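One line per chain: the protein sequences are G and P, in this order. Under our numbering, the first residue of the first sequence is numbered 39, with each subsequent residue one higher. Under our numbering, the first residue of the second sequence is numbered 39, with each subsequent residue one higher.
If you are wondering where the hints come from, they were derived from the structure by calculation, not from laboratory data. Do not take every clue at face value.
Since the list gives no way to pick one copy over another, a pair counts as held whenever it fits inside one copy or between any two copies.
[What the hints assert, rightly or not] In silico DSBU-like links for lysine-lysine, alpha-carbon gap of 30 Å or less:
#1 K365 to K325
#2 K365 to K203
#3 K169 to K325
#4 K365 to K169
#5 K203 to K325
#6 K78 to K231
#7 K365 to K78
Being a predicted model, the structure only gives us computed values, none of them experimental.
Protein chains: 2
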Amino acid sequence: MSYEPRPGIPFDEIDTPALLLDLETFQRNVDRMAHFFADKPSSLRPHAKTHKCPQVALQQLAAGAIGITCAKVGEAAVMAAAGITDLLIANEIVGPTKIGRLTDLASTTSLIVAVDDPDNVVALSRACTAKGTSLRVLVDVDVGMRRCGVLPGEPALAMARQIAKAPGLEFAGILAYEGHLVMIPDAQERAQKVRDAFAPLAATCDALQRDGLPAQIVSSGGTGTYDMTGTCPPITEVEAGSYVFMDSTYLRIRPEFESSLTVLSTVVSRPTRDRVVTDTGMKAITKELGWPQPLDVPGASVRSLSEEHGTLVLEDSASVRLRPGDKIRFIPSHCCTTVNLYDRLHVLRRDVLVDIWPITARGCAQ
Amino acid sequence: MSYEPRPGIPFDEIDTPALLLDLETFQRNVDRMAHFFADKPSSLRPHAKTHKCPQVALQQLAAGAIGITCAKVGEAAVMAAAGITDLLIANEIVGPTKIGRLTDLASTTSLIVAVDDPDNVVALSRACTAKGTSLRVLVDVDVGMRRCGVLPGEPALAMARQIAKAPGLEFAGILAYEGHLVMIPDAQERAQKVRDAFAPLAATCDALQRDGLPAQIVSSGGTGTYDMTGTCPPITEVEAGSYVFMDSTYLRIRPEFESSLTVLSTVVSRPTRDRVVTDTGMKAITKELGWPQPLDVPGASVRSLSEEHGTLVLEDSASVRLRPGDKIRFIPSHCCTTVNLYDRLHVLRRDVLVDIWPITARGCAQ
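Let the hints inform the model, and build the full structure from the sequences given.
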């Protein structure tokens, strides 16, 4: 059923809605982030939840990333099948079916996983022992986000000790995502709050060291905080993801990266002078962080997205000549959820389609 | 990479997040809507944008639906490949690539398509003539939604005349979706506004009749208005979609249908007494119409969805024994966009997995 455009065509001949990736901009983003970490004590382990695409992960690794972060076992399985080793699943993996899939995968590749519950530690240990495999395990510590995780200090220490004693498991360190801070608009405030959030974690890591349980890995950070978290002891690695593509939300606070990802749309109707309707609705671009931002249409803004249509209004409708069949590109407000709607990235060089990368882990929410 | 559960297992052994369909409830919904139309002058042509699944469409047709409505060429191609004929694409199909795909498909199955632009009529006619195929064409009329469409009266008449004269095209009637009315909470107000919206359309249809261009098809309606629109002249067929699954939004205004679709989740963390975190975030259940509604957890409500997690708060946390590994089902607030995140429906009969239906048109936004 699926339509595949022929490489070599100009981008505006690709059928729509379609996800476009500008290769050179993408590579500049990859290199810029890699360059930042080149002389830092911490390292980059980019998050694959953003792109779900082995081709992107391989470019990140080639630029110096030490491994790949995943959100789900299914994503890690896709990355492992592409030959990528040293995978961190930055999440709790719970329940017999999923733990079975996790330990199957651990038999073929090196996996790191997070825990925040003593029963889960027992279940992981039993599954590893039964299968003759092992897992490296991080204690998920809540540094203020109030999602998963145990608190710093004694709760984190107790869980580290439990892991260290559990057959089949190796205590490898701490996962501590400051997701509540990554989008604070003011950079100084963001940096200060990052330092404040990680102060108790530093004390916990010192106590672990004294206990003979050094945290080899302390994983944290996102595109909004990579330079703050990445230079904040005791962080050893940063999980930034969105920097490869960027979106209108992160572009506002991270101007050092560029927009490499757009959604190509077709105008399907211009029923009135001031109204333009595209074929790109909520099933082709997400809106939970705001409206998509149209490129190269002065005075145009999205007024609404329905399932299959996007409606734009025009400030100065007389000067905009858009007609049905014309193409418009949009910068998504949230790249991660938008990419998860598509099966492929159309890779462009100087506006010509040069490759198609399958988004192999699209929909791998399990 | 994908994990496929073995039919015969109880639903709570299916890995999560997973889309569950209760077969008997689904079939009651299908039959109830078919029964409504059995003695009405109008017919049911259900919208496949909701389910994107040929197995669902085939049950709708078996119950008496006269054909299937699609939003996109890609969806229609999936339905046609499953042997389903008489497909209405309730949308403008614009641009050479997409018109090429449309006319390719029209060479193998009977297609109806909508237009609202004279240049698009010319392009469709040329493409049909060049390929030696034909299309049945509806004029898309704006009855107040202010998305696509020409206005009732002279603009609609002019376009009908243009279609009737265009080689390769057959004027087949009107598309007039009252999408701005389908969710009005008060049923009486909704019914009155439906009557008001369609009054000018009735006059347009009378004028078409006098012109010797009778509208064989006047297509409209949704789950929120099926009984109002379906009994309102000049409507001949109704495009309702969501009634097969229902969601918490439509359940509030359409209690005669039942919730057949849920998302199965696993609790991955209970870091505090009053906080429960699941593995079901925005990539597994959508939130544009509201939070997912948890089943069988008294006093629980969703507080937030991040990409990969859902966080619930509990009113009476002491009485809720949920632990990591426990399963929770959610009713989505919007079934159509949630289904589009998944590759398969897990079909249950009395809580046992009896079949897996591929959501073959998932992601077919082109």
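task: Have a look at K169 and K325 and pick one of within, between, both or neither, based on CA distance no larger than 30 Å.
output: Neither way: K169 and K325 sit 43 Å apart in one copy and 39 Å across, limit 30 Å.
task: Evaluate K365 and K78 at a C-alpha cut-off of 30 Å and name the case that applies: within, between, both or neither.
output: neither (43 Å within a copy, 43 Å between copies)
field: Alpha-carbon proximity between K78 and K231, which holds within one copy, between copies, both or neither at 30 Å
entry: So K78 and K231 pass the 30 Å test inside one copy only (21 Å; across, 64 Å).
Within, between, both or neither: K203, K325 at alpha-carbon 30 Å: neither (46 Å within a copy, 42 Å between copies)
- request: If the cutoff is 30 Å on CA atoms, where do K365 and K203 land: within, between, both or neither? Let me know, please.
  value: between (60 Å within a copy, 29 Å between copies)
message: Regarding K365 and K325, is the shortest C-alpha distance of 30 Å or less found within a copy, between copies, in both, or in neither?
response: both (20 Å within a copy, 29 Å between copies)
message: Please sort K365 with K169 into within, between, both or neither, judging by C-alpha distance up to 30 Å.
response: between (54 Å within a copy, 25 Å between copies)
Going through the hint list in order, the structure does not satisfy hints 3, 5 and 7.
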